[in-house]
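Undergrad: The whole structure should be built from the sequences, with the hints applied where relevant.
Number of protein chains: 2
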Amino acid sequence: MNHSFLSSLKHMFKLDPNRPITENQIEQLCHTETGAIIVGGTLGVTYEDSQALLKQIRMHGKIAIQEISNLQAIVPGFDYYFIPLVVNAQDPKWILNVHHEALKRYGEWVNWNQVFVEGYIILNEDSSVAKLTKSKVPTELEDVLAYARIVDQMLRLPILYVEYSGKYGNPDWLKAIQQIVEYSQIFYGGGIHSYEKAVEMSQYAHTIIVGNLIYEDFPTALKTVPVKGVSYTQIEE
Amino acid sequence: MNHSFLSSLKHMFKLDPNRPITENQIEQLCHTETGAIIVGGTLGVTYEDSQALLKQIRMHGKIAIQEISNLQAIVPGFDYYFIPLVVNAQDPKWILNVHHEALKRYGEWVNWNQVFVEGYIILNEDSSVAKLTKSKVPTELEDVLAYARIVDQMLRLPILYVEYSGKYGNPDWLKAIQQIVEYSQIFYGGGIHSYEKAVEMSQYAHTIIVGNLIYEDFPTALKTVPVKGVSYTQIEE
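Residue numbers (the numbering used here), protein chains in the order written: chain R, 143 to 379; chain A, 143 to 379.
Hints may contain errors.
Each pair may be met inside one copy or between any two copies, as identical chains are not told apart.
Dumping the calculated DSS-like pairs for lysine-lysine here, alpha-carbon to alpha-carbon at most 25 Å [claimed, not checked]: (1) 235 / 273; (2) 365 / 317; (3) 246 / 278; (4) 309 / 152; (5) 276 / 235; (6) 246 / 317; (7) 156 / 339.
No lab work stands behind these hints: they were computed from the structure.
All figures in this text were calculated on a predicted structure; none of them were measured in a lab.
TA: Okay, structure coming up:
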């Protein structure tokens with residue numbers, strides 16, 4: 143696995159194939175300094191919609207990553223594939239059964255150099271992903287840290303994805319996670335509705351992911367990206 | 143993680159703290175060329191019984207490994223700890239919830255250099271462990287191989303434990319597993335009731351584990367260990 147690629151990522155946009163976006167908007171996202179564009183969502187993700195997004199991202203020369211949420215929508219040709227593993231899911235289907243089904247069908251053909259497993263901790267109980275996976279959403283920091291240790295120390299997954307999905311998270315919890323994580327790259331997603339929030343969470347996460355804001359306030363979404371040669375931290379100082 | 147330790151293991155005995163064994167028998171096991179002695183079982187494992195076994199193994203200078211099956215029975219002082227992760231379990235408690243509970247309680251104190259995660263595939267549906275974890279036991283080779291890929295390629299766990307628990311497995315399946323596994327050390331356990339069976343499975347597994355036979359036919363159990371300087375393969379040729 144290409145860990146140096148991962149560590150170069152400070153910011154990513156996530157496009158949901160099930161939500162409307164114009165070609166012009168995709169072009170604008172691709173012309174920012176964001177590290178890559180993720181294509182993926184929880185509900186209603188199809189092959190055709192995912193492929194359409196890939197084609198447009200390709201056209202503008204940006205790195206394109208598919209986050210796999212259902213088997214039927216896996217599109218060949220992405221630069222990388224992220225495979226979510228929800229460590230606080232309680233429905234066995236969404237813990238390892240989907241992976242089993244995927245590897246039964248495609249296991250022989252996977253190029254593992256293109257694949258990164260994301261250890262997801264779902265932290266917003268009202269989100270679609272929490273409901274779908276029947277996630278047991280922690281209410282205490284010590285529970286969150288134990289999940290982080292499963293991802294980072296026990297399984298040594300390349301990515302620990304702290305997912306607040308639509309809700310802005312607790313920066314103190316992120317800070318506590320950062321302090322114990324030794325191996326995994328920390329991704330943060332959820333409620334990044336301004337540049338300041340991106341700056342705040344980037345103190346504790348290696349990579350900030352902006353999704354909903356693209357569909358809710360496009361101009362502000364564009365502004366969450368750090369400017370070339372200037373990291374969030376430098377701006378903040 | 144000390145992978146060179148793992149790769150040195152051709153054979154191990156597994157002692158169940160819940161089953162009777164004499165001090166003299168433990169001494170005899172320790173004086174064989176077995177690589178290490180695992181202490182662990184599925185039901186009725188207590189701290190006291192596990193500690194008693196550790197003391198006796200220590201007395202004879204053998205490497206002692208605890209395979210953790212319940213939190214109350216974790217005994218400090220073992221050389222290594224194996225943490226099972228049953229990839230075909232269907233009860234979320236036995237997939238990752240027990241690990242979460244363990245890391246919530248002990249996460250801060252774990253020395254990860256002593257710990258190896260075992261990706262278990264349970265292949266005997268009549269075994270206690272299959273019933274406890276509600277394992278979905280594969281009946282087709284392609285399902286077994288998909289689980290093997292989860293352990294080896296997706297999660298890159300140090301150990302892939304092919305567990306027939308009490309029943310002798312299908313050597314053709316083991317051979318097929320060996321052919322696709324690239325990273326994990328393959329452990330085989332189940333129905334090794336003779337030296338010949340140990341030889342047969344050692345063609346396809348890195349490490350053979352003998353458990354039940356210790357309690358059922360002690361003299362034959364002793365004879366499953368390869369002799370010093372002579373690997374199974376050499377003997378077979």
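Undergrad: Give a verdict on every hint.
TA: So, going through the hints one by one against the coordinates:
Both within a single protomer and between protomers do residue 235 and residue 273 lie at most 25 Å apart by alpha-carbon distance, with minima of 13 Å and 18 Å respectively. Proximity of residue 365 to residue 317 under the C-alpha cut-off of 25 Å is restricted to the intra-copy arrangement: shortest distance 24 Å within a copy versus 55 Å between copies. In this assembly of identical chains, residue 246 and residue 278 lie within 25 Å of each other by CA distance solely across copies; the values are 15 Å between and 28 Å within a copy. When the C-alpha separation of residue 309 and residue 152 is checked against a cutoff of 25 Å, the pair qualifies only within one copy, where the shortest distance is 20 Å, while the shortest distance between copies is 51 Å.
In this assembly of identical chains, residue 276 and residue 235 lie within 25 Å of each other by CA distance both inside one copy and across copies; the values are 10 Å within and 13 Å between. Taking identical chains as interchangeable, the C-alpha atoms of residue 246 and residue 317 lie at most 25 Å apart only when they sit on different chains, with a minimum of 18 Å there against 39 Å within one chain. For the identical chains of this complex, residue 156 and residue 339 are intra-copy neighbours only, at 17 Å inside a copy versus 53 Å across copies, given an alpha-carbon limit of 25 Å.
No hint from the list above goes unmet by this structure.
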